[in-house]
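> Sequence:
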Amino acid sequence: MRKHFIIIIIAFSCLTNVYSQKGLELGGDIGMAWYFGDLNTSYDLSKPGFALGLKARQNFNERLSISGGFQFAHVSASDANSNNFFEKNRNLDFRSNTFDFNASLEFNFFPYKHGSKDNYYTPYLFTGFSIMKFNPKTDLDGTTYALRDFGTEGQFINSEYHLVSAAFLYGFGFKWDLNKDWSINTQITGRKLVSDYIDDVSGTYPEFVGLETLRGPVAVQLSNKAENSEFVSPGLQRGNGKNNDVIYILSIGLMRYFGQLQCPSISNPAY
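If you use our numbering, the sequence shown corresponds to residues -9 to 261, in order.
Among these hints, one or two may not hold up.
To be verified - List time: in silico BS3-like cross-link candidates among lysine-lysine, alpha-carbon distance up to 27 Å:
#1 Lys232 <-> Lys182
#2 Lys78 <-> Lys182
#3 Lys182 <-> Lys37
#4 Lys232 <-> Lys215
#5 Lys232 <-> Lys127
#6 Lys215 <-> Lys37
#7 Lys37 <-> Lys127
#8 Lys127 <-> Lys215
#9 Lys170 <-> Lys123
#10 Lys12 <-> Lys170
#11 Lys170 <-> Lys127
#12 Lys12 <-> Lys78
#13 Lys103 <-> Lys12
Derived by calculation from the structure, the hints in this document are not laboratory data.
Go ahead and model the full structure; you've got the sequences and the hints to work with.
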């Protein structure tokens, strides 16, 4: 009886494995990151940041899989690089490390199977969501400041924007086997944030006397770094809150395939 029970359990596991998944992959990637938002409206690609990630992928079949991972990226931008008069005079800048946990559903354009002589490469699309931690900073007179702490757009104390944001994740890539165990994946991933404050810029200039009273003189200097303050006054546009910030990452990575449960052949037990 015990032997039959063990055989049934193994058979059930094998059938479940065949129809539910085709194996686990683990790996990492390295790449370049770009920020697009109020301080990079011209989509300048000349100053990418560094990106590094870890990834796990569960294959359901030759077309569909789910993946989850962790992504680090450093992004920055400066009005000094803009050709727009308003932006150049605004003279703001920021930099931030970002830490991101994400999950996505992937679709392979071609059937893809590790170890296959025919189906060993495919382009793919993916979409999902992520949760990102960020903290915009800048330098003033040789000192680094975390911008959120100074309410640069007039935020009241304890009413500052959040440093964690959800994001809609999307992208496309290409993967191909090196052998039955290892594959290379290259992809471009976009993250459209719910927040518009990864750069500390979104709304209008605050009332500077009130800001100085509430946060101190450094807050005013961080809020208004304009080269010509004649074009700056409370209530005037500082950023565009209608378009939330976006981060793109171009990466290349190595994935290790761990395979699926190997099921022994089932034959009639000997008596």
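> Now tell me, hint by hint, if it's right for this structure.
So, going through the hints one by one against the coordinates:
no. : hint              : result
1   : Lys232 <-> Lys182 : 13 Å, holds
2   : Lys78 <-> Lys182  : 25 Å, holds
3   : Lys182 <-> Lys37  : 20 Å, holds
4   : Lys232 <-> Lys215 : 23 Å, holds
5   : Lys232 <-> Lys127 : 22 Å, holds
6   : Lys215 <-> Lys37  : 22 Å, holds
7   : Lys37 <-> Lys127  : 17 Å, holds
8   : Lys127 <-> Lys215 : 14 Å, holds
9   : Lys170 <-> Lys123 : 36 Å, violated
10  : Lys12 <-> Lys170  : 13 Å, holds
11  : Lys170 <-> Lys127 : 45 Å, violated
12  : Lys12 <-> Lys78   : 53 Å, violated
13  : Lys103 <-> Lys12  : 9 Å, holds
The structure is inconsistent with the numbered hints 9, 11, 12, although it conforms to all the rest.
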